[in-house]
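> Produce the complete structure using the sequences and hints provided.
If you want the building blocks of each chain, they are given just below.
Protein chains: 2
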Amino acid sequence: MVVLQDSPTDHELDRLFRSLACATRRDIVRRVMAGEDASVSSLAERYDMSFAAVQKHVAVLAEAGLVSKHHHGRERRVRGNPEQLAKARALLARLEQLWTERFAQLDAVLADPPPPQA
Amino acid sequence: MVVLQDSPTDHELDRLFRSLACATRRDIVRRVMAGEDASVSSLAERYDMSFAAVQKHVAVLAEAGLVSKHHHGRERRVRGNPEQLAKARALLARLEQLWTERFAQLDAVLADPPPPQA
DNA sequence: TTATCGTACAACCAAATGGTTGTGCTTCAG
DNA sequence: CTGAAGCACAACCATTTGGTTGTACGATAA
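One line per chain: the protein sequences are A and B, in this order. Number 27 in our numbering belongs to position 27 of the first sequence; there are no gaps in the numbering. Number 18 in our numbering belongs to position 18 of the second sequence; there are no gaps in the numbering.
Treat the hints with caution; some may be incorrect.
Same chains, same label: a pair holds when it works inside one copy or across any pair of copies.
[Said to hold, decoys possible] The calculated DSBU-like cross-link candidates involving lysine-lysine, where the alpha carbons are at most 35 Å apart (straight line), are:
1. Lys87 - Lys69
2. Lys56 - Lys87
3. Lys69 - Lys56
In case anyone wonders, no lab produced these hints; they're calculated from the structure. It should be emphasised that the depicted structure is a prediction, and the values quoted were computed from it without experimental measurement.
Below you can see the structure in the form of structure tokens.
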């Protein structure tokens with residue numbers, strides 16, 4: 001069953017796309033979506049930047065709802081949730097659909113031309 | 001026929017998602033994808049900001065390849081091209097796919113458990 | 001021809017971004 | 001108990017961003 005979800009707010013979409021506009025963050029998302037064991041420090045080991053920098057990236061992703069952090073002993077496990085990805089993808093799909101609908105409307109007009117009321 | 005397209009560079013994706021991380025720009029994309037007559041100034045009339053600001057937004061979208069500008073008399077018509085939207089959408093789809101594949105792999109493991117080689 | 005429209009571009013500004021280092025607090029290992 | 005691992009957070013910095021105003025220039029309508 002497809003759930004009717006209320007459309008995301010502008011601000012939510014801003015944070016979503018903004019958080020994806022960075023290769024490091026996209027790579028983090030890729031890792032956690034693939035199910036890699038992902039504490040913050042295990043993620044930080046893989047990038048050429050400080051631990052704090054990676055920590056900030058994870059915070060940005062969490063703020064955007066793309067990942068969530070969970071206590072696990074003294075670690076924080078980073079888990080991806082694909083629902084936010086789907087929201088972004090749905091918006092892109094709608095924009096693409098606007099494009100395709102143009103031709104559908106054009107075809108309709110050509111098939112049933114209104115009388116030139118000039 | 002589906003064309004094998006080389007994967008976009010990190011920088012290209014940065015610009016793509018960055019350009020979408022702004023409600024004004026998303027709205028511009030929506031308008032031009034819907035086929036609205038869109039000179040830069042006719043777009044600028046619709047937003048509560050200066051002409052130069054809208055002009056910059058269009059430039060950012062053009063830089064990301066989401067729209068292109070074309071001479072038309074003394075105007076510059078803004079036209080959307082959905083291919084870049086598709087690139088962004090493809091990335092999101094791949095990330096979501098990673099998530100779903102996790103369960104497929106898990107199912108495979110459960111269905112055919114390897115001998116505990118410890 | 002001349003005034004004006006549509007655009008481009010530079011300079012400037014406040015705020016956000018992406019990075020750093022340092023400090024301190026928990027939680028675990030020895 | 002003590003030391004270290006893992007993390008959070010603040011302060012700081014350079015650069016980018018999103019906005020402004022002002023100036024200039026080609027195309028056009030009168």
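> Now tell me if each hint is right for this structure.
Status of each hint after checking the structure:
For the identical chains of this complex, Lys87 and Lys69 are neighbours both inside a copy (20 Å) and across copies (29 Å), given an alpha-carbon limit of 35 Å. In this homomeric assembly, Lys56 and Lys87 come within 35 Å of each other (Cα to Cα) both inside a single copy, at 23 Å, and across copies, at 27 Å. When the C-alpha separation of Lys69 and Lys56 is checked against a cutoff of 35 Å, the pair qualifies only within one copy, where the shortest distance is 13 Å, while the shortest distance between copies is 37 Å.
Checked against the numbered hints given earlier, this structure breaks none of them.
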